[in-house]
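K.L.:
Residue-level listing of the chains:
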Amino acid sequence: MKNVALCLAVAALAAGCATKEARQDAPVTDRSAGVTQPGQASPSTTTRPAQQPTIAGNPLRDPSNILSKRSVFFEYDSNLVKDEYRGMVQAHSRYMGDTRDSRIRIEGNCDERGSREYNLALGQRRAESVKKMMTVLGVSDGRIETISYGEEKPMATGHDEQAWSQNRRADIKYAGE
Amino acid sequence: MSRWFLFLGALLLALGAGAQLEIDITTSGGRQIPIAVMPLKGESAQPQPVSEVVAADLARTGLFRLVNTVGVSPLPTEPSEVNFADWTTRTAEALVIGKVEPQSEGRVEVRFRLFDVAKQSQLASYSYVVAPAQLRATAHRIADLIYERLTGDKGVFSTKITYVVKRSGRYELHVADADGFNAQTVLASNEPIMSPAWSPDGSRLAYVSFDQKKPIVVVQNLAQGTTRIVANHRGNNSAPAWSPDGQHLLVALSKDGLTQIYRIPAAGGDPQRLTDSPGIDTQPAYSPDGQWIAFTSDRGGSPQVYRMPAAGGAPQRLTFEGTYNVGPRFSPDGKALAYVTREGGRFRIALMELATGQFQALTEGALDDSPTFAPNGKMILYEASVGGRGNLAAVSWDGRVRQRLTSSAGDVQDPAWGPMPTN
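Heads up: the sequence lines are chains S and G, in that order.
Okay, so the first sequence: first residue is 111 according to this note's numbering, each after it adds one.
Okay, so the second sequence: first residue is 8 according to this note's numbering, each after it adds one.
Incorrect hints may appear among the rest.
As the list claims (entries may be wrong) - Distance condition first, Cα-Cα at most 27 Å in a straight line; then the derived DSSO-like pairs of lysine-lysine:
1) S/263 with S/179
2) S/192 with S/179
3) S/192 with G/262
4) G/221 with S/242
5) G/220 with S/242
6) S/283 with G/262
7) S/179 with G/220
8) S/179 with S/283
9) G/221 with S/179
10) S/192 with G/221
11) G/173 with S/283
12) S/242 with S/263
13) S/263 with G/161
14) G/173 with G/220
15) S/263 with G/220
16) S/263 with G/173
17) G/220 with S/283
18) S/283 with S/192
19) S/242 with S/192
Claimed, not checked - So these bits of chain S aren't anywhere near chain G, every CB distance computed over 12 Å:
20) 168
21) 171
22) 194
23) 195
24) 198
25) 207
26) 210
27) 228
28) 234
29) 246
30) 267
In short, the hints are calculated from the structure, not lab data.
Each residue gets a CB set at the ideal place from its N, CA and C atoms; glycine is no exception.
The task is simple: from the sequences and hints, build the whole structure.
P.N.:
Below you can see the structure in the form of structure tokens.
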């Protein structure tokens, strides 16, 4: 728990990385929530009690649920959704079939190599690839917007393949999240 | 090979400006015109010595060699006071002299004369009466006149540039003089800013804003500071490019699937779709005569440069070498295209002559992007990332002169060179 608190503190200090850190620390907090019995306080729930009921009741945030997984990672110069992400995309399609009022935005991203504007379009095509799978599975076109941040919002800020592989990505975001 | 370093940044710090660009220049080969720029008599009493700015402007082009003026006394201000034999000995081919004199109401008169040393003749003589705050701008106008008389091309010292500065997760759109001075922040945001583009009259900037958590196209009036969202459709809205008459913008929208090119009124309005490909079409640019639109398309499997008639018609592919040629920009005379090319994992700026299809890589960076022509076509400003850090750089159309523009303020990226001033 102390480690988690430290990570959060560092994340809060690192301006510009806030979005990325928030995305990563959510599952960590969730795990503690999952093993914590109702009524049993833990350090993380006492510091942020408001999150506890939401996490427990929301399959999108339950780390044991595949719906908590949101990111599809891509190869360089590719917008092919690899097989390992099919189960996750299918689960989100089913969830959207069950929750008729849900809407999502798929946000594409690229690594830093290449021209900014072309990368913006490439990121959108990655998002569009994920969308296509979901529409084939029955989600209506109008409930999914695909946009891109291109290379403008890297999750990993390094300049090597390890960082780049993290940044070639499409993220599923539910409206209201 | 000669090399000069002009640390303009230090001067600017003294003036209290926040985010100046520092420029250093490298030239190789080619002839340089030896020119002597004398201090103007009386200029040292003014807040801005005019001759220093003129000399720096000329030197920065790489086309001039500054001749030593030390020991010339008294400062000549009239043709009769010029010792041409001495200037011949000093190897000067051109000479600039002049004076700055206070006038009524706090204004100053700046007079300068340009001489051909060999012919012992006066090439130009002008005088300006300005407020002291205008001395820097006046110096740029003088440099423009000298440059034009001696090279035959228009000078671009009185133009502006814009670029994005990124620091600590903040984004700022700056407008600065072409020499990096007088940088003004015209927009600041916690979200990315991309692809600024000058309207043909220099009064407005179109750019991509992420303030609404997605890319949309905004036009900002620089004098009034007012902004208007001109494209905010479903999906991405990006890559604004002005029509030569300033009435329309080309934009890249993904509202109908993948990114395609559309035309919209500059004040915003219904988009008219111009391309229809199964791939990505983006980065449109009008030719200066408005007859053509160049753009990036990966309809053939890899991203390449195409052009199509602006009035409609079949696109024609222009680049065939390699698997990545993107982001075309027409030269001001419409005869060439600058674009980004990938070779062996490096992204560089290339220049293609449209009549012949011949091209050459002008730069040697690892990750160069966003070429933008000076309005006289002689230099191309671009983004040069080094070690993950964004810098600006410029290269002459023939690759002979190189400038590196760095800022201590943060990453500098996405430059656009403004038009010639209208007055």
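K.L.:
Hint by hint, say whether it matches the structure.
P.N.:
Here is what the structure says about each hint:
1. S/263 with S/179: holds, 19 Å
2. S/192 with S/179: holds, 15 Å
3. S/192 with G/262: holds, 25 Å
4. G/221 with S/242: holds, 20 Å
5. G/220 with S/242: holds, 22 Å
6. S/283 with G/262: holds, 18 Å
7. S/179 with G/220: Answer holds: residue 179 of chain S to residue 220 of chain G is near 21 Å, not above 27 Å.
8. S/179 with S/283: holds, 10 Å
9. G/221 with S/179: Answer holds: residue 221 of chain G to residue 179 of chain S is near 22 Å, not above 27 Å.
10. S/192 with G/221: holds, 26 Å
11. G/173 with S/283: OK: residue 173 of chain G and residue 283 of chain S at ~26 Å, within 27 Å.
12. S/242 with S/263: holds, 24 Å
13. S/263 with G/161: violated, 40 Å
14. G/173 with G/220: OK: residue 173 of chain G and residue 220 of chain G at ~17 Å, within 27 Å.
15. S/263 with G/220: holds, 11 Å
16. S/263 with G/173: Holds, because 12 Å separates the two Cα atoms, which is no more than 27 Å.
17. G/220 with S/283: holds, 12 Å
18. S/283 with S/192: holds, 19 Å
19. S/242 with S/192: Holds. Residue 242 of chain S to residue 192 of chain S sits at ~14 Å (cutoff 27 Å).
20. 168: holds, 22 Å
21. 171: Holds: least Cβ distance 20 Å, greater than 12 Å.
22. 194: Holds, because the least Cβ-Cβ distance between residue 194 of chain S and chain G comes to about 24 Å, which exceeds 12 Å.
23. 195: holds, 20 Å
24. 198: It holds; residue 198 of chain S is separated from chain G by about 23 Å at its closest Cβ, greater than 12 Å.
25. 207: holds, 22 Å
26. 210: holds, 20 Å
27. 228: violated, 5 Å
28. 234: Incorrect as stated: the minimum Cβ-Cβ distance to chain G is 5 Å, not above 12 Å.
29. 246: holds, 15 Å
30. 267: violated, 8 Å
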